[in-house]
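Asks: Residue-level listing of the chains:
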Amino acid sequence: AQSVTQLGSHVSVSEGALVLLRCNYSSSVPPYLFWYVQYPNQGLQLLLKYTTGATLVKGINGFEAEFKKSETSFHLTKPSAHMSDAAEYFCAVGSNDYKLSFGAGTTVTVRA
Amino acid sequence: GAVVSQHPSWVICKSGTSVKIECRSLDFQATTMFWYRQFPKQSLMLMATSNEGSKATYEQGVEKDKFLINHASLTLSTLTVTSAHPEDSSFYICSARVGGGTDTQYFGPGTRLTVL
Numbered sequence: 004a005q006s007v008t009q010l011g012s013h014v015s016v017s018e019g020a021l022v023l024l025r026c027n028y029s030s031s032v033p034p035y036l037f038w039y040v041q042y043p044n045q046g047l048q049l050l051l052k053y054t055t056g057a058t059l060v061k062g063i064n065g066f067e068a069e070f071k072k073s074e075t076s077f078h079l080t081k082p083s084a085h086m087s088d089a090a091e092y093f094c095a096v097g098s099n100d101y102k103l104s105f106g107a108g109t110t111v112t113v114r115a
Numbered sequence: 209g210a211v212v213s214q215h216p217s218w219v220i221c222k223s224g225t226s227v228k229i230e231c232r233s234l235d236f237q238a239t240t241m242f243w244y245r246q247f248p249k250q251s252l253m254l255m256a257t258s259n260e261g262s263k264a265t266y267e268q269g270v271e272k273d274k275f276l277i278n279h280a281s282l283t284l285s286t287l288t289v290t291s292a293h294p295e296d297s298s299f300y301i302c303s304a305r306v307g308g309g310t311d312t313q314y315f316g317p318g319t320r321l322t323v324l
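In order, the protein sequence lines correspond to chains A and B. Take this note's numbering: the last position of the first sequence gets the number 115, and nothing is skipped along the way. Take this note's numbering: the last position of the second sequence gets the number 324, and nothing is skipped along the way.
With the rest of the complex left out, here is chain A (with noise of 0.2 Å):
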């Protein structure tokens, strides 16, 4: 069984300031993770995956995300951010059925 906890639901950056979004995962098997972005009354767009290879993922947007085996980790980072950031995230972990298992999200807002 798969799961993923983010740590934080709510992160509030400055523009201009390092984005960092937290994501856990319990995977019984390798993982697949991806991030995924949400704005009000849309559905989710992909910021990026990782499933075998490179562990540190560039995604779009300027974001990127490192995958941490050791610390069962995928957290999300973005070096500047821009008012445009402001959504909802989501990270999520593949299963070999090709379900995803979300975590709760994390609200992100950007100060001026």
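Keep in mind that the hints were calculated from the coordinates and are not lab data.
Think about it this way: if two alpha-carbon atoms lie no more than 25 Å apart in a straight line, the pair counts; the simulated DMTMM-like pairs of lysine to aspartate or glutamate are:
#1 B:K249 / A:E91
#2 A:K71 / A:E91
#3 B:K249 / A:E18
So these bits of chain B aren't anywhere near chain A, every CB distance computed over 10 Å:
#4 H215
#5 E295
#6 V323
Quick reminder that beta carbons are idealized off the backbone N, C-alpha and C, glycines included.
Got chain A sorted already, so can you dock chain B onto it with the hints?
Replies: What follows is chain B alone, placed relative to chain A:
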């Protein structure tokens, strides 16, 4: 590429009526489609997995007779909420997977259902 649409984007209905939500993959064929439910300020909960030409597989606790899923083609899956009640009000989101070992799901924009 990899665009998924949903129709309608929002719907209001009376208690006891049925509502059908469509999920379409516009530029690819989806071997598998998934239906999720999202309550306000909460995460997505998987309701069921839909494979083209076969019966949907429902997650534990999801009433299959209430949430009817049909995956008639490789580009269309429908979710029908039968005899809707106010507690069925939610945001319903579908996703589609290309298949062939691809693990990425592409999500639709969601459908807001309000049952009066």
